[in-house]
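Colleague: The numbers in my numbering rise by one with no breaks, and the one at position 168 of the sequence shown is 168.
Worth double-checking, as some hints may not be accurate.
Once the Cα atoms are required to be at most 20 Å apart in a straight line, the calculated DMTMM-like pairs of lysine to aspartate or glutamate come out as [said to hold, decoys possible]:
| id | residue 1 | residue 2 |
| --- | --- | --- |
| 1 | Lys112 | Asp209 |
| 2 | Lys112 | Asp133 |
| 3 | Lys112 | Glu54 |
| 4 | Lys112 | Asp182 |
| 5 | Lys112 | Glu174 |
| 6 | Lys112 | Asp170 |
| 7 | Lys112 | Asp217 |
| 8 | Lys112 | Asp146 |
| 9 | Lys112 | Glu79 |
Quick list of the computed label-pair ranges, beta carbon to beta carbon [claimed, not checked]:
| id | residue 1 | residue 2 | range |
| --- | --- | --- | --- |
| 10 | Ser56 | Leu102 | 38 to 46 Å |
| 11 | Asp125 | Asp170 | 22 to 30 Å |
| 12 | Asn250 | Asn184 | 30 to 38 Å |
| 13 | Ala235 | Val145 | 49 to 57 Å |
| 14 | Ala47 | Leu102 | 39 to 47 Å |
Calculated from the structure, these hints are not laboratory results.
For each residue, glycine too, the CB sits at the ideal point set by N, CA and C.
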Amino acid sequence: MNRLVVVLLASASFAPVAARAADIIEPIPVVEEAPADYSGWYIRADAGYMFSSETSGSFRFFSAQTGLYGDDFRYSSIELQNGYTVGGGVGYRWAEHFRTDLTADYYDFDIKGTSACAYSFGSGDCRFNDHSDAGLWTVMANAYVDLPYFGPITPYFGAGVGVANVNYGDMRNEICSVTCGDPNNYYGVHEGVDSWRFASSLMAGASVDLTHSLALDVGYRYTRVFEGDAFRFDASDRAAGATGVQGRDNGFNIHTVRAGLRYSFF
Numbered sequence: 001m002n003r004l005v006v007v008l009l010a011s012a013s014f015a016p017v018a019a020r021a022a023d024i025i026e027p028i029p030v031v032e033e034a035p036a037d038y039s040g041w042y043i044r045a046d047a048g049y050m051f052s053s054e055t056s057g058s059f060r061f062f063s064a065q066t067g068l069y070g071d072d073f074r075y076s077s078i079e080l081q082n083g084y085t086v087g088g089g090v091g092y093r094w095a096e097h098f099r100t101d102l103t104a105d106y107y108d109f110d111i112k113g114t115s116a117c118a119y120s121f122g123s124g125d126c127r128f129n130d131h132s133d134a135g136l137w138t139v140m141a142n143a144y145v146d147l148p149y150f151g152p153i154t155p156y157f158g159a160g161v162g163v164a165n166v167n168y169g170d171m172r173n174e175i176c177s178v179t180c181g182d183p184n185n186y187y188g189v190h191e192g193v194d195s196w197r198f199a200s201s202l203m204a205g206a207s208v209d210l211t212h213s214l215a216l217d218v219g220y221r222y223t224r225v226f227e228g229d230a231f232r233f234d235a236s237d238r239a240a241g242a243t244g245v246q247g248r249d250n251g252f253n254i255h256t257v258r259a260g261l262r263y264s265f266f
């Protein structure tokens with residue numbers, strides 16, 4: 001009996017100590033992962049295919065007999081043929097769904113135009129058949145809205161404004177009296193003109209995350225390049241006294257599909 005009393009008294013004396021020890025043990029805190037230190041800056045590089053499109057234009061006629069310039073004559077059609085584009089830029093993400101970038105792009109394409117002659121040979125049909133090529137640079141400031149993403153895919157749309165430099169190559173002019181391509185036809189060469197113009201663009205596409213920093217960007221871009229000078233008078237007209245620019249275009253509507261990579265800095 002005495003032994004049982006001793007055991008009970010000992011147990012009672014240890015109970016408060018155990019309770020205080022339990023109070024000292026604190027729960028292990030949950031460590032939350034720190035958000036990525038995103039700088040906001042990114043670089044991009046693109047390449048694309050340019051679809052053919054049509055535009056319009058005009059040219060002046062110079063009379064060697066009178067030394068006077070005629071009224072402007074309209075091209076029946078001017079076609080920008082299929083070409084390619086490459087470009088790159090640097091940008092900054094301001095918010096989760098808004099970013100801007102500054103891009104420089106180069107376009108390369110051929111141009112052909114036809115029109116009725118500004119005069120007639122007196123018999124048969126007469127038309128001008130013109131061919132040239134052009135290199136075009138654009139420098140654009142762009143803004144994009146990134147839509148809510150679907151897994152690794154983020155749709156977007158955007159717009160841009162900037163300037164374009166259009167550099168025409170020599171324009172090769174054939175006067176077709178009956179059949180174009182006849183070696184007896186008149187062939188002339190008109191020096192191309194380099195001009196700066198206003199440009200604007202609209203974009204839509206989607207990016208696909210390849211890694212934490214790298215994304216594939218695929219999209220469509222429409223670029224409007226405003227009107228400007230195209231080519232000068234040929235050597236025979238200049239020898240007769242013609243000066244200045246002979247031909248102008250009414251601007252370009254450029255449609256491209258593009259694919260590229262965008263690398264974000266963290």
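Colleague: Now tell me, hint by hint, if it's right for this structure.
Modeller: Against the structure, the hints come out as follows:
no. : hint                        : in the structure
1   : Lys112 - Asp209             : violated (41 Å)
2   : Lys112 - Asp133             : holds (8 Å)
3   : Lys112 - Glu54              : holds (10 Å)
4   : Lys112 - Asp182             : holds (18 Å)
5   : Lys112 - Glu174             : holds (11 Å)
6   : Lys112 - Asp170             : holds (12 Å)
7   : Lys112 - Asp217             : violated (32 Å)
8   : Lys112 - Asp146             : violated (39 Å)
9   : Lys112 - Glu79              : holds (5 Å)
10  : Ser56 - Leu102: 38 to 46 Å  : violated (31 Å)
11  : Asp125 - Asp170: 22 to 30 Å : holds (26 Å)
12  : Asn250 - Asn184: 30 to 38 Å : holds (33 Å)
13  : Ala235 - Val145: 49 to 57 Å : holds (53 Å)
14  : Ala47 - Leu102: 39 to 47 Å  : violated (18 Å)
In the structure shown, a violation is registered for the earlier hints numbered 1, 7, 8, 10 and 14, in ascending order.
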